[in-house]
Amino acid sequence: MATRRVWARAGMGLAVAGAVGLGLLAMPAGAGAAPELPPVSAEDLVASVIQSKDPGPLHGTVTLDNQLGLPAIPGVPQAANGSSTAQVWSDGAGKGRLSIPSSQGEKTIVDDGTTVWAWDSADRTVTKKAVGTDTHTPPEATATDPAAAAAKAVQDLRATSSVDVDGTATVAGRPAYELVLRPLPSERTLLREVRVAVDSEKRIPLQLTVLANGSSDPALQVGFTQLDFGAQDPALFAFTPPPGSTVTDAPARPGGAQQHEQGQEPTVVGDGWDTVVIATLPPADQQPAPGRDGAPDLSSLGKPVSGAWGSGREIDTAVATAIITDDGRVAAGAVPAQVLTEALAK
Amino acid sequence: MTAPAGQSAAAGERGAAGAAAAAPPAAAVRGVRKVFGKTVAVDGIDLEVPSGAVLGMLGPNGSGKTTLIRMLLGLTRPTEGSAELLGHPVPDATEQALPHVGALVEGPGFHPFLSGRENLRRVAATEPLLASAQIGDAVGTALERVGLSDAADRRFRGYSLGMKQRLGLAAALLVPRKLVVLDEPTNGLDPAGTRDVRRIVAELHAGGATVLVSSHLLAEVEATCTHVAVLQTGTLVAAGELSVLLEAGTGGLVVSTPDVDLALEALRGVGATAFAEGDGVVVADGGPPTPEVVALLVRAGVAVYEARRRRARLEELFARLTGEET
Amino acid sequence: MTASLVETGTTPHRGSAPMGRLLGAEMRWVLRRPRTLVMLGLFALVPILIAIGVVVADRGGNGLIGAIAGNGLVLPVVAMTLMLALLLPLAVGMAAADAIAGEAAHGTLRGLLLAPVGRGRLVVMKAFGVLVVTVVATLVVAVVGVVAGLVVVGGADGTLVTLSGTTLGFGEAMGRVGIAALWTVGQLAAVGAIALAISAFTEHPLVVLASVLGGLIVFGVLGAIPALDWLAPYLLTTGFSAGADVLRDPMSWGDIGGSTLRALCYIAIGGGITTSRMLTRDA
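Residue numbers (the UniProt record's numbering), protein chains in the order written: chain G, 1 to 346; chain E, 1 to 326; chain S, 1 to 283.
If you are wondering where the hints come from, they were derived from the structure by calculation, not from laboratory data.
By construction, the Cβ of each residue, glycine as well, lies at the ideal position given by its N, Cα and C atoms.
Be aware that a few hints might be false.
[Stated by the list, open to error] Quick list of the computed label-pair ranges, beta carbon to beta carbon:
#, chain 1, residue 1, chain 2, residue 2, range
1, S, 37, G, 247, 44 to 50 Å
2, G, 130, S, 171, 32 to 38 Å
3, S, 171, G, 131, 32 to 38 Å
4, E, 92, G, 25, 37 to 43 Å
[What the hints assert, rightly or not] From chain E, some residues computed to sit far from chain S (all C-beta separations above 10 Å):
#, residue
5, 33
6, 39
7, 40
8, 62
9, 140
10, 150
11, 191
12, 223
13, 241
14, 256
15, 268
16, 275
17, 300
18, 305
19, 310
So here's chain G without its partners, still in its complex pose (with noise of 0.2 Å):
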């Protein structure tokens, strides 16, 4: 019975490990302690990031962690509340990969230098564009000094914000500053702060953090999870329609312009954070026929309001505010609805 009963309470032990570990694997990776770094300013952290070399080949899978809760828009893919995460590849030489992967397929854009080829294989088509001789070096670090326009920029936000750089973190398992920018109390926004990560070595920023009044879990972050550095295979750098598969090319004018030109210009109300931008949206019959996943449909989201400017509707969400009027105006920006509505009536 002793030897039975050792066996037994092994057993028991080891179920206990297994559910222990299933506790620690449930556990958020990364985040220990905050690594000792030598303090640095705001401007000279901001100069750094302008001044940074490109950071050469490197692979990293990039999350995006939404809790922004916008409504869910039919058509709009991952615009509801969760995270995504998409890998990234780049042979530091203007070649990258990236490719997003869902449960039930995968889109993969690979740039290999000439031509930009994008693969969704829910269709299993391959859309390509050439890509003229760009250079990939921000035109700020040619066009000025770096320290200058860091200093510029830094007293610009300044005029709205407090920034500052608020410890350090351990971001995809790097050492980082954190910037931190916070509006003045003079700002009626529902932002409460943003933070930026910025790698301490390569001085590229890492994560984007966005937080909102009320709530303490971040409503957007966008960062590497995982980054590594090094030459890459160079296989991942091109691309060959495989069989199969249905090649176009690419419409002449990118998707993201089009919709933008419809519209008149929007014109912007007030400054730093609590900045409405004001949009008027084509005529219903001027409006694109739909494409291929559907035109969205905005009519029946938020909630009918109505006041001295008109009636319309608002949709919130944790950091923004937007409301689509009934004479089809749009107003939006990261602030309070009272702001928009008194935005509208100017």
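With the hints as your guide, set chains E and S onto chain G.
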């Protein structure tokens, strides 16, 4: 193992008496008690199964026979008390004793989709004492021994109750055993099957193995056993050698005579307890020895046709001990 | 007339039958069971039906099934992933139910303990039997999937077009199918370990089966409730969609590895409880 098939149990009985005295018990329980919830299934039983004996465990349904056997085999842990199997404590070291123990407990357990032979091969594969090369032969022999050779390759699903019981018996006999435990072995068997079980028990006994048989069929126990244990509602009410128990339970000396009154007068004259019964008188134990009683009666002019000691049938003993009508 | 006389011709002092013989007997037993065979036969039909469906529908529709059209070697992976949701766990749950609860119900567990098969060995033997069913069921789906993919669906010249849009040769494609099969076996082994633990506590095989299927469904529901997303890392079913990652290029190991580690934890929990219970269980 060499005993001829027809050998009577009584012949083996004499052989076992000597072995039982010398060797330590093949199995023993000491003060065992088993409680299931609020039900006391076994309540403090001490019992030894002498080595070489054929012990019949008698008792009505629910008297704790099966629970006692299960505790003895380490299938159930006693609430109190200890058990011992072939000298090994149970359940700590049951696994050292079990290879030498064949058992048929709570009916035969087999898989319906396999044939009798396949079922037996599966059991044989788990027998520690059986070399892999011997499995086929051992299975064949065991099937033959229980008279199942013809039905060996039929699915167990189609077996009659008796055939299932025979297969269970075959599994217990796959390997030569020191101890064979048979829980209600004649359940569902026809008279021929019952005879086969008797024959097998006798063979085992003649081969020197100890056998523990539980039954509620009293005739079975009386016919095959050297020792008896009688259980009632979880307690042991009688145990011992069959012959001793029978003697202890006798109803005295039965004298057949037409002169009943004369005989009673003569016997009472010498202070013996006697009463009329049937075609004669019965002289209770404790009086003068048998030869003196006969001499006394003859001297008194009583015509003595026959005088014999009455051996109570086990059935009567059983009925008396358990307080139940049979 | 001593007891030792009847001992002649046997191997003395061996406490248990050789492990290999026990495992062989267990394997024969699980593979001879009619319901196992029927289930394996039905499993073989699933990839074929998917293949026919894809061919008949011409365009397989959305999602993973759509990836099969003209790309047959995706079929085994998709079939395994789809069947991991319910059908494969059903087979494993059934095997685990029969392994202990079923044996107890038939009275054969008693026989095994009386042989004796040591209680520790019994757990090994039973776990092995469940693993055999798991491996065979997975292999049936994988192999029939490959054959049906090549014969019925065809296309892509014996190559596999990954979800990432790259093309893998036949050898590498088989490697990916192998990884998917191995990973599937790992996930199923976790289901089997838990099922075996339940099986060790009951004499009713149906209780085991109902618990396994009910548990999977409950896990699936819990995993789908956004407010309970903190629970997701604990749920075995969370990782069940990772199998499709073998169809990405370069292969994404993150979820495959994570779900395998989670499965190992479940195996430890299930195995530990089973061992502990079987050492003390009455039979």
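Taking the shortest Cβ-to-Cβ distance between residue 150 of chain E and chain S, state whether it exceeds 10 Å.
22 Å, holds
Taking 10 Å as the cut and beta carbons as the points, is residue 140 of chain E off the interface with chain S?
15 Å, holds
Is residue 40 of chain E truly not at the interface, in the sense that its beta carbon sits beyond 10 Å from all beta carbons of chain S?
The claim holds: residue 40 of chain E sits with its nearest Cβ about 17 Å from chain S, beyond 10 Å.
Beyond 10 Å on every Cβ pair: is that true for residue 305 of chain E relative to chain S?
42 Å, holds
Is residue 275 of chain E truly not at the interface, in the sense that its beta carbon sits beyond 10 Å from all beta carbons of chain S?
Residue 275 of chain E is indeed farther than 10 Å from all Cβ atoms of chain S, at 45 Å.
Distance rule for residue 33 of chain E, whose beta carbon must clear each one in chain S by more than 10 Å
Correct as stated: the minimum Cβ-Cβ distance to chain S is 16 Å, above 10 Å.
Given as non-interface: residue 310 of chain E, partner chain S, CB spacing beyond 10 Å
Consistent with the label, residue 310 of chain E stays out of reach of chain S, its closest Cβ about 33 Å off (over 10 Å).
Going by Cβ atoms, does residue 241 of chain E stay more than 10 Å from chain S at every point?
17 Å, holds
Against chain S, does residue 62 of chain E keep a CB gap of more than 10 Å to every residue?
18 Å, holds
If I take the minimum Cβ distance from residue 191 of chain E to any residue of chain S, is it greater than 10 Å?
Nearest chain S Cβ is 26 Å from residue 191 of chain E, so the label holds.
Confirm or reject the claim that residue 171 of chain S and residue 131 of chain G have a C-beta distance inside 32 to 38 Å.
Holds, since residue 171 of chain S and residue 131 of chain G (Cβ atoms, about 34 Å apart) stay within the stated range.
Verify the CB-CB distance for residue 37 of chain S and residue 247 of chain G against the hinted window 44 to 50 Å.
48 Å, holds
The structure fails none of the hints (numbered hints given earlier).
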